[in-house]
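A.B. asks: Work the whole structure out from these sequences, hints included.
There are 2 protein chains.
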Amino acid sequence: MRAFEVVLAWVESRILGGELTVGDQLPAERELARQLDVSRAAVREAVRTLQAQGVLRSSVGAGGAGGTTVTSVPARALVRLLRLHVALANFPVDDVIEARIALERLSIRLACTHARASDLAAMRQAIAVMAQPGVDKARFNDADTALHVAIAEAAGNRLAADLTIAIRESMKVPLLVAFSYVADWDQLVARLSADHAELYAAIDEGDADRAETLVETHIRSAWARLQAALPAGGRHTGS
Amino acid sequence: MRAFEVVLAWVESRILGGELTVGDQLPAERELARQLDVSRAAVREAVRTLQAQGVLRSSVGAGGAGGTTVTSVPARALVRLLRLHVALANFPVDDVIEARIALERLSIRLACTHARASDLAAMRQAIAVMAQPGVDKARFNDADTALHVAIAEAAGNRLAADLTIAIRESMKVPLLVAFSYVADWDQLVARLSADHAELYAAIDEGDADRAETLVETHIRSAWARLQAALPAGGRHTGS
Numbered sequence: 001m002r003a004f005e006v007v008l009a010w011v012e013s014r015i016l017g018g019e020l021t022v023g024d025q026l027p028a029e030r031e032l033a034r035q036l037d038v039s040r041a042a043v044r045e046a047v048r049t050l051q052a053q054g055v056l057r058s059s060v061g062a063g064g065a066g067g068t069t070v071t072s073v074p075a076r077a078l079v080r081l082l083r084l085h086v087a088l089a090n091f092p093v094d095d096v097i098e099a100r101i102a103l104e105r106l107s108i109r110l111a112c113t114h115a116r117a118s119d120l121a122a123m124r125q126a127i128a129v130m131a132q133p134g135v136d137k138a139r140f141n142d143a144d145t146a147l148h149v150a151i152a153e154a155a156g157n158r159l160a161a162d163l164t165i166a167i168r169e170s171m172k173v174p175l176l177v178a179f180s181y182v183a184d185w186d187q188l189v190a191r192l193s194a195d196h197a198e199l200y201a202a203i204d205e206g207d208a209d210r211a212e213t214l215v216e217t218h219i220r221s222a223w224a225r226l227q228a229a230l231p232a233g234g235r236h237t238g239s
Numbered sequence: 001m002r003a004f005e006v007v008l009a010w011v012e013s014r015i016l017g018g019e020l021t022v023g024d025q026l027p028a029e030r031e032l033a034r035q036l037d038v039s040r041a042a043v044r045e046a047v048r049t050l051q052a053q054g055v056l057r058s059s060v061g062a063g064g065a066g067g068t069t070v071t072s073v074p075a076r077a078l079v080r081l082l083r084l085h086v087a088l089a090n091f092p093v094d095d096v097i098e099a100r101i102a103l104e105r106l107s108i109r110l111a112c113t114h115a116r117a118s119d120l121a122a123m124r125q126a127i128a129v130m131a132q133p134g135v136d137k138a139r140f141n142d143a144d145t146a147l148h149v150a151i152a153e154a155a156g157n158r159l160a161a162d163l164t165i166a167i168r169e170s171m172k173v174p175l176l177v178a179f180s181y182v183a184d185w186d187q188l189v190a191r192l193s194a195d196h197a198e199l200y201a202a203i204d205e206g207d208a209d210r211a212e213t214l215v216e217t218h219i220r221s222a223w224a225r226l227q228a229a230l231p232a233g234g235r236h237t238g239s
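Which chain is which? The protein sequence lines are A and B, in order.
Sequence positions in the first sequence follow this note's numbering and run 1 to 239.
Sequence positions in the second sequence follow this note's numbering and run 1 to 239.
Hints are supplied without guarantee of correctness; some may be wrong.
As the list makes no split between identical chains, a pair holds if one copy fits it or if it spans any two.
[Said to hold, decoys possible] SDA-like cross-link-like pairs, simulated, lysine to any residue; straight-line CA separation at most 25 Å:
(1) Lys172 to Val79
(2) Lys172 to Glu5
(3) Lys172 to Ala9
(4) Lys172 to Gly17
(5) Lys172 to Ala75
(6) Lys137 to Gly17
(7) Lys137 to Arg14
(8) Lys172 to Glu19
(9) Lys172 to Thr71
(10) Lys172 to Ala224
(11) Lys172 to Arg225
(12) Lys172 to Val73
(13) Lys137 to Gly18
(14) Lys172 to Arg158
(15) Lys137 to Glu216
(16) Lys137 to Glu12
(17) Lys137 to Leu226
(18) Lys172 to Val149
(19) Lys137 to Ile219
(20) Lys172 to Gln51
Quick caveat, the hints were computed from the structure, so don't treat them as lab data.
C.D. replies: In structure tokens form, the structure reads like this:
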């Protein structure tokens, strides 16, 4: 085991054992290095790793003292992880779509029961951006992401929301590439906007069964349209 | 932006842009440090972070030269990330169960079509371990994890499998704690074994609709039984 892995294992076992919890402070770098008999650089390497996992947060204090605190912000870490692996094509886009459907069906079902006025307002706002005449592709993509994020947030299930958000974010670049090949952009916008209006109505009326079916149909048909627009060599065949 | 973040951003943007892909080698630590005008320690911190995300792999070569290669092994990274955040209770167990059901429904549906003989053999082996008379709780927990992992692997959807595995692994410790409170262990084993036999039969017969329903009922009822066994203060109420 390398030096930084000793530190990593020390922190992780304390978190899993419940001895370190959110808000707790890690021993100072120098102290932890002494205690585990490793270099301060090794401690820093482990801390960076756990920062990237959304498990530690470092703040620079007066005179560079600062402190490292246990936190829990998995969303950004998940987004980063999935986005990189989608880009590395370890996760074929067709597989990502299937996983996305499973999670968005759950999120929208829960959103039908739990959405508050502020969640509905966020959804309406994203829909309004996409309905603006002449909306460009990047702006549409951002607003579409925002709509699906708002639905996931409304679900009130943090894990489902974070996974849904991470998957939608990981698809942002591939979707923008696909958008660039769409010939009749206005027609696609009209089609997707009609879908979004239906989704919103189902959530607003709290009709979970309808919302689940609609979101699956929406994701599948949007993806099929985008695939049809891609040049033959760029199409994902699910292999 | 801190020095290691400069390196992180450099590597990530190259991966997202498709310039760095699986199998490619990163410039040597010294070279990258010079190129980005940061310290070698900062390069190492960024490399550790990306290793933990399953995106880079470092090998020690002759004379400590070694090399850092782009890889893509997200499963361990996802398991680690989710396990830590479940332990930090950012994801309440009831939320985890709902997300798990959504993903396992998808995995088992796909497994009904894609399971090969070797997948079915792995499932039977796990089931056989759980059926051994007097099986202890830790061993049962490991075999139960192995069964759900085998079903996820059989699905042939890498993302769904990795997420399913990460979630099941993240529940290993909480489940073992719950097991420790079960008074009539033999009765629970009998009940769960009957469930597993039904799940296996549905996969073996390729009956996806039945398998989906069974896996949801199995996860819900197993969790309800375990919750009922927990002392009142330890019960998760979904809040």
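A.B. asks: Run every hint past the structure and note whether it holds.
C.D. replies: Here is how each hint holds up against the structure:
1. Lys172 to Val79: both (11 Å within a copy, 24 Å between copies)
2. Lys172 to Glu5: So lysine 172 and glutamate 5 pass the 25 Å test across copies only (22 Å; inside, 33 Å).
3. Lys172 to Ala9: between (34 Å within a copy, 18 Å between copies)
4. Lys172 to Gly17: Answer is between: at 13 Å across copies they meet the 25 Å cutoff, but 37 Å inside does not.
5. Lys172 to Ala75: both (16 Å within a copy, 22 Å between copies)
6. Lys137 to Gly17: between (48 Å within a copy, 19 Å between copies)
7. Lys137 to Arg14: between (47 Å within a copy, 23 Å between copies)
8. Lys172 to Glu19: between (38 Å within a copy, 18 Å between copies)
9. Lys172 to Thr71: between (27 Å within a copy, 22 Å between copies)
10. Lys172 to Ala224: within (16 Å within a copy, 38 Å between copies)
11. Lys172 to Arg225: within (16 Å within a copy, 41 Å between copies)
12. Lys172 to Val73: both (21 Å within a copy, 21 Å between copies)
13. Lys137 to Gly18: So lysine 137 and glycine 18 pass the 25 Å test across copies only (21 Å; inside, 47 Å).
14. Lys172 to Arg158: both (21 Å within a copy, 20 Å between copies)
15. Lys137 to Glu216: within (23 Å within a copy, 39 Å between copies)
16. Lys137 to Glu12: Between copies only: 23 Å across chains, 43 Å inside a chain, cut-off 25 Å.
17. Lys137 to Leu226: within (13 Å within a copy, 49 Å between copies)
18. Lys172 to Val149: The answer is within: 12 Å in one copy meets 25 Å, while 29 Å across copies does not.
19. Lys137 to Ile219: within (17 Å within a copy, 42 Å between copies)
20. Lys172 to Gln51: Classified as both; 24 Å inside a copy, 24 Å across copies.
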